[in-house]
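Asker: Residues per chain are reported as follows:
Number of protein chains: 2
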Amino acid sequence: MTKQQALQTLFDKIEAGRALSIAGSLIHWDAATTGVPEKSLPKRSAATGWLYGEQFRRFIAPDTLEAVETLETVKKELTEYEQVMVREIGREYRKLKAVPPEEYQAYCALTAEAENVWETAREKCDYDMIQPYYEKIMEYQRRLCDWYGYEKHPYDALLDDYEKGATVEKLDIFFSTLREKIVPLLKKITEQSNKPEEITGVFDLEKQRELTIWLADFTGYDRTRGKIGEVEHPFCSTITPDDVRITTKYHEKNILSSIYSVIHECGHAIYEQNMDGEKTKYGIANEASMGMHESQSRLYENIVGRSRAFTERLLPRLQEKFDYFKQWDEEMLYRAVNIARPSLIRIEADELTYSLHIMVRYELEKDIITGKIKVSDLPGLWADKYEEIIGMRPKTLAEGVLQDVHWSGGMVGYFPSYAIGTAYGVQMMHEIKKSIDVDAAVRKENLSPITNWLAENIHKHGEVYSPDELLKKATGESFNPAYYANYLEEKFTKLYL
Amino acid sequence: MTKQQALQTLFDKIEAGRALSIAGSLIHWDAATTGVPEKSLPKRSAATGWLYGEQFRRFIAPDTLEAVETLETVKKELTEYEQVMVREIGREYRKLKAVPPEEYQAYCALTAEAENVWETAREKCDYDMIQPYYEKIMEYQRRLCDWYGYEKHPYDALLDDYEKGATVEKLDIFFSTLREKIVPLLKKITEQSNKPEEITGVFDLEKQRELTIWLADFTGYDRTRGKIGEVEHPFCSTITPDDVRITTKYHEKNILSSIYSVIHECGHAIYEQNMDGEKTKYGIANEASMGMHESQSRLYENIVGRSRAFTERLLPRLQEKFDYFKQWDEEMLYRAVNIARPSLIRIEADELTYSLHIMVRYELEKDIITGKIKVSDLPGLWADKYEEIIGMRPKTLAEGVLQDVHWSGGMVGYFPSYAIGTAYGVQMMHEIKKSIDVDAAVRKENLSPITNWLAENIHKHGEVYSPDELLKKATGESFNPAYYANYLEEKFTKLYL
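If you're matching them up, the sequences are chains A and B in order. Under the numbering used here, residues 666 to 1162 are what the first sequence spells out, in order. Under the numbering used here, residues 666 to 1162 are what the second sequence spells out, in order.
Here chain A stands alone, though its shape is the one from the complex (with noise of 0.2 Å):
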């Protein structure tokens, strides 16, 4: 194979790959935006198993690594953009085919099985119906690190596949320092007097879904390259990067659910719909990593979106809307946004708590991967963690250890990267802040400035730096928590204390 017929091999199943998950990206946007038709599952499902293994069979052809070895071997010669694609290819590749085939397989069914018992096993908070299931998807875990190879701990190889670059070694620095501040902070919260007004009331939908077009423009998402759907369970969705999906659900007692799932969102869809162009030919217009592509959608969700600046914008539209909100002043609302309080459910958490509830999943996956503790702990170790950490104890499986797919579906290792997404934003914040005046670009309105500066410094990178080379590069500095422990220790005493 000569260097031309590598490139061009490449470029190929590029090419393939970027049509066939095109088609299945709107296969399930379709489904999750319109409905699937009662008995049009069993024939759906067998033509996007096509579709999806006709992408697997061509990644996975001989083909693919005789380009990449021989690409290697003429790597000096090759631009940037085409060196990116070969590592990325070849990393993939060769993790792909370290795992024995027949068990990549037979886990492949292990965990379709495993997320629909899990259905089951919370709704009925039947741990016994599901223990077998994490047992042998644990063991399968245990196995991949092994296949996948790591230098110090073997979780790291599980964290690496969802976060390059992260290791036991520097989570647990991350999360003692986040233990440290707040968990005394959310005591001494839980403790004192001085609770924020909760916002109650009807908010009709028509005028819930005219707000979503606001805070779509304000956060600076393009709806001339994507469109807006209602869902279920909120996502964000790249058909190409010229047509990026986001989706909301709208409840009408919890308007601020709507709000907030919408900025959140459009982060994401920000982050996709700035990554250059030109990488895409090369495969390479990705995010960094899954925890990069959260601090996207935090950055705007929480520290855009919750800070007072914005609640200086948001209260005269939602007293335009709604006359509920006619006795509201700024401040109140302020704090409504930034209610802080124990919880039990990760996805109901609020910006303070959010990162604890990662700590307890981090702190039993990495015990589990090394065997010191056992599946059938998992329920009382949880409750115990939740209580130490949070001071709140599950009184149902269903609110403790099975609120979470993740597990049945083979993701273990990827809880972490929610939590250090959230404190890649705030450590980019912390940044733009040195040259821009973020609170007055919001309460203009206009959050070019900074939208700008990440579409410079992180978008438009795609995947071509590792998320903590992309951070120095950034902000000059390595990952570092502290300044998302102090962002929230600073915020949440001047609200609370």
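Any given hint might turn out to be false.
Heads up, the list lumps identical chains together, so a pair's fine if it works in one copy or across two of them.
Restricting the straight-line Cα-Cα distance to at most 25 Å, the calculated cross-link-like pairs of lysine to any residue (SDA-like) are [claimed, not checked]:
1) K914 to P899
2) K1125 to E703
3) K704 to L1112
4) K946 to E719
5) K704 to R890
6) K986 to I1004
7) K852 to K1137
8) K760 to L870
9) K704 to W1118
10) K946 to Y717
11) K741 to N951
12) K1159 to M1057
13) K704 to K946
14) K704 to D826
15) K1125 to R709
16) K918 to L1009
Hints in this document: simulated from the structure, not taken from any laboratory. Computed from a predicted structure; not experimentally measured.
Got chain A sorted already, so can you dock chain B onto it with the hints?
Answerer: Using the frame of chain A, we list chain B on its own:
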């Protein structure tokens, strides 16, 4: 290639084609029902281009022919469905291969451009803009006749492409039968003064949407295996046999538009929903022809939907939802949905005159293919024929020769299917009425005896039989245009004279 290898080769291609075409259908559905983000087209087109290209590449690969030829030598060992599969793939493959690839590619580019030019030409009523495109397209179509081959008339080659077995010989008889009965009848109707009252008024869209559900259920369309969308130009789209979707467009001031488009698309959808799933594996769960598909939509829309029995059931539904209809009686409604009069626009034509619009196009296409008339003569001849057959002369090109997209899209020989299909439907209904009390079924709001007959005699055969074979099996007689001509004569004489 062994027999087993040959079968597997075709099964694999069919499976891949199905998955790829599901992707294509969903991309089209998504664009039509939820809109296309302004700037998303180029990247989206690149992906759909790849998906369609991949379907084509897989089909046209040499192993397709090898498999077909292998199986043709062992035809007697094949099951019925395998034989049909081999016949259909062989036919399609040889047709595609008959066209020199460079010519085909140039022609695809030409028609893509011509469709855009046609839009502007129609807007500006400028025939000079489109004429050179029409000339090249018709020239290609003439060569296509030679490439495809024909026995008697070159136009037969094109007709057969859309309607297997259709020939000038048969269509001349069909259209002259119609001409003899319908042209004088239309003249009489136009001249007499007994005019039905027209529906005016404004109709709430939400209530029209509710009516759609009733209509869809009434026809027997299975909503658990499909869904209903809103679009600019209604269509039916088969995602999978268990996910057949219909669409409609609501007009505040024209309630009949959506009512009859829904019944029409349900007719198409029921055909798709009832094609036996067993045939999917063999790629032969397809309509017997374009005309056969149209026979189903028109049977439901016109023969059932514009019957007196149906308007008796429709009226109380309308009265329940819209005060406007409080003063209406059944006879008024029956007459209002059956207004017949000369008109210029095919897609807005009524049941009586529809096929006359097709007749104009048929006569022009036939003569243009033989070179008897020139492309430059079309506007004048079009107007002359409309005056002669329908009794109205277009004042502009937009309401004349430029009204249809078909010629710019290279669809020559397609129009007759619409008329033949309508006539097939009447012939079927004539047979159905021998054993089923159709009006009673309609009055009971239970069309299942009719739908079961169609499912058993038409739908479930997919493309196993040619349209004429199918009609003969179902009605005991080859296609006989007299049923259609008599039906129209009887119905509209009673209504008007």
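Asker: Determine for every hint whether it applies to the structure shown.
Answerer: Comparing the hints with the structure gives:
Taking the closest pair of Cα atoms, K914 and P899 come within 25 Å of each other only inside a single copy of the chain (6 Å); across copies the shortest separation is 29 Å, beyond that limit. In this homomeric assembly, K1125 and E703 come within 25 Å of each other (Cα to Cα) only across copies, at 22 Å, whereas the closest approach inside a single copy is 41 Å. For the homomeric pair K704 and L1112, the shortest alpha-carbon distance between copies (22 Å) is at most 25 Å, but the shortest distance inside one copy (46 Å) is not. Proximity of K946 and E719 under a CA criterion of 25 Å is satisfied in both settings, with 19 Å inside one chain copy and 18 Å between copies.
For the homomeric pair K704 and R890, the shortest alpha-carbon distance between copies (5 Å) is at most 25 Å, but the shortest distance inside one copy (33 Å) is not. Taking identical chains as interchangeable, the C-alpha atoms of K986 and I1004 lie at most 25 Å apart only when both belong to the same chain, with a minimum of 23 Å there against 47 Å between chains. Proximity of K852 to K1137 under the C-alpha cut-off of 25 Å is found in neither arrangement, the shortest distances being 34 Å within a copy and 84 Å between copies. For the identical chains of this complex, K760 and L870 are neighbours neither inside a copy (46 Å) nor across copies (55 Å), given an alpha-carbon limit of 25 Å.
In this assembly of identical chains, the alpha carbons of K704 and W1118 lie at most 25 Å apart only when taken from different copies (23 Å versus 48 Å within one copy). Proximity of K946 and Y717 under a CA criterion of 25 Å is satisfied in both settings, with 20 Å inside one chain copy and 19 Å between copies. Taking the closest pair of Cα atoms, K741 and N951 come within 25 Å of each other only inside a single copy of the chain (23 Å); across copies the shortest separation is 54 Å, beyond that limit. For the identical chains of this complex, K1159 and M1057 are intra-copy neighbours only, at 24 Å inside a copy versus 81 Å across copies, given an alpha-carbon limit of 25 Å.
In this assembly of identical chains, K704 and K946 lie within 25 Å of each other by CA distance solely across copies; the values are 19 Å between and 38 Å within a copy. Taking the shortest Cα distances, K704 and D826 never come within 25 Å of each other, neither inside one copy (36 Å) nor across copies (34 Å). Within a single copy, K1125 and R709 get their C-alpha atoms only as close as 35 Å, which misses the 25 Å cut-off; across copies the closest is 21 Å, which meets it. For a Cα distance limit of 25 Å, the shortest separation of K918 from L1009 inside one copy, 21 Å, qualifies, whereas the shortest one across copies, 54 Å, does not.
The structure fails hints 7, 8 and 14 (numbered hints given earlier, in ascending order).
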